[in-house]
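A.B. asks: Model the full structure from these sequences, guided by the hints.
Next come the chains, spelled out residue by residue.
There are 2 protein chains.
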Amino acid sequence: MEVDLIISADDIKKEKITGKSVVIIDMLRATSVITTAIYNGCDSVIPVLTIEEALEKASEGRGKYILGGERKALKIEGFDCANSPLEYKEDIVKGKTLIMTTSNGTRAIKGSLGASSVLIGALINAKAVAEKLLALDNDVVIINAGTCGQFSMDDFICSGYIINCLLSQRKDIGLTDISKTANYVYEENEDIISFIKYASHYKRIKELNLEKDLDYCCSKDIIDIVPMYKNGIIALFDEQKEEQIV
Amino acid sequence: MEVDLIISADDIKKEKITGKSVVIIDMLRATSVITTAIYNGCDSVIPVLTIEEALEKASEGRGKYILGGERKALKIEGFDCANSPLEYKEDIVKGKTLIMTTSNGTRAIKGSLGASSVLIGALINAKAVAEKLLALDNDVVIINAGTCGQFSMDDFICSGYIINCLLSQRKDIGLTDISKTANYVYEENEDIISFIKYASHYKRIKELNLEKDLDYCCSKDIIDIVPMYKNGIIALFDEQKEEQIV
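The listed protein sequences derive, respectively, from chains A and B.
Residue numbers for the first sequence follow the UniProt record's numbering, so the first one is 1 and each next one is one higher.
Residue numbers for the second sequence follow the UniProt record's numbering, so the first one is 1 and each next one is one higher.
In case anyone wonders, no lab produced these hints; they're calculated from the structure.
All values reported here derive from a predicted model rather than from experimental measurement.
You may find that some hints are simply not true.
No copy is singled out in the list; a pair is fine if it fits within one copy or between any two copies.
Stated by the list, open to error - PhoX-like cross-link-like pairs, simulated, lysine-lysine; straight-line CA separation at most 25 angstroms:
1. LYS57 with LYS13
2. LYS110 with LYS132
3. LYS220 with LYS14
4. LYS16 with LYS110
5. LYS203 with LYS16
6. LYS13 with LYS110
7. LYS127 with LYS197
C.D. replies: Set out below in structure tokens:
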């Protein structure tokens, strides 16, 4: 098993991910939102690239859908929820389908075409992601959503923690130089905050007084499920049956 | 002044470098070779992409040219020198033109089209590179040649040291997340070796018993010149006259 890493949604190259197990990371905050929503009983998440697409899809049956996401880290007009994982509580999401559009995370998810499996990862479910990757026993590419096509320190250290979880379970894992560096950064900053407090995206969220989101998104392993992206939706899938678990 | 970083020759995007001061880093070993050759009196270096191109150019007047470079870190058949900086001594290079082709470095140099200035950087001339960048007073993009399109730990920490030199001279420099991470990695590993001993490319060179090259390339600031790439050649240029210094 070899683990590679792509530093932003703009840097995805099809030949690097084809046939691999891919993990999408946008810990601040899209993949934290998705993981939380599914954990709280949301049926599935449909990632879309544009606000227009989201509104059109929702108009098919407004009652069964929740509209969520952000532009410039803020709630979108006419949407139900912003990009704060704390909003996606059970009474809001249970039995519903979340239509989601964000600046970076949904773009990375949609860019994963050709991968054999696409896992949704964040710090809040990192250990579960590592276990799923070990069960899949395939080469891994961790795609950091990044921020506007740029490398993001938060996604990088989150990837480092997932790699660290893999290494703690299995010794014969090959790491590319960038995967080694992500693991190194995590090992030197196990508390996470000491590193990502310098991240530009962290600063942006702090300026918007979203400290509670930051605390939540930086909590390791509080959720033990791994949403997966398949046939245009994100949900929990039964691997044997290749069917969504409802 | 803002400093950004591109992790490999395959990841160069024209819009990121247009109009910027670009530094090309391939510390193991192409940019260490070029810097050493020019320091030892080589007139200029012509970077070419293919072996055929190198041989064709040299056939124009074999006496005035030296052929140098590598494929898979080894000397190319029919060439005068390999990719070891220690070969490029004064008695070999003085007054000659070096035609050079390497797997990663020359590709990164040729990919820098559109930049306003292109500097050749390595650990051996890092401080001089930082001083030149400060004199140019323009936004900076450090291009890591990387290894076969992949991020390289050696080029990354070398970039971190250049960024660290910039910060020690000027406080108001903006760093992207990836530049901050490179600087962080350097600050935690000022001896260089403690970090790059894990680099895949370092291992390859060690396997080939080229420890002396490694020691040399990992020596900071032993050379105080900065070769630049302009009009297809690498040389020392007089900035005022925009002419090559001979």
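A.B. asks: For every hint, state whether the structure bears it out.
C.D. replies: Now for the hints, and whether the structure bears them out:
Taking the shortest alpha-carbon separations for LYS57 and LYS13, neither the intra-copy value of 29 angstroms nor the inter-copy value of 34 angstroms comes in at or below 25 angstroms. For the homomeric pair LYS110 and LYS132, the shortest alpha-carbon distance inside one copy (21 angstroms) is at most 25 angstroms, but the shortest distance between copies (42 angstroms) is not. Within a single copy, LYS220 and LYS14 get their C-alpha atoms no closer than 30 angstroms, and across copies no closer than 38 angstroms, so neither meets the 25 angstroms cut-off. When the C-alpha separation of LYS16 and LYS110 is checked against a cutoff of 25 angstroms, the pair qualifies both within a copy, at 15 angstroms, and between copies, at 24 angstroms.
For the homomeric pair LYS203 and LYS16, the shortest alpha-carbon distance between copies (23 angstroms) is at most 25 angstroms, but the shortest distance inside one copy (31 angstroms) is not. Proximity of LYS13 and LYS110 under a CA criterion of 25 angstroms is satisfied in both settings, with 13 angstroms inside one chain copy and 21 angstroms between copies. When the C-alpha separation of LYS127 and LYS197 is checked against a cutoff of 25 angstroms, the pair qualifies only within one copy, where the shortest distance is 22 angstroms, while the shortest distance between copies is 28 angstroms.
Checked against the numbered hints listed earlier, the structure breaks hints 1, 3; every other hint is satisfied.
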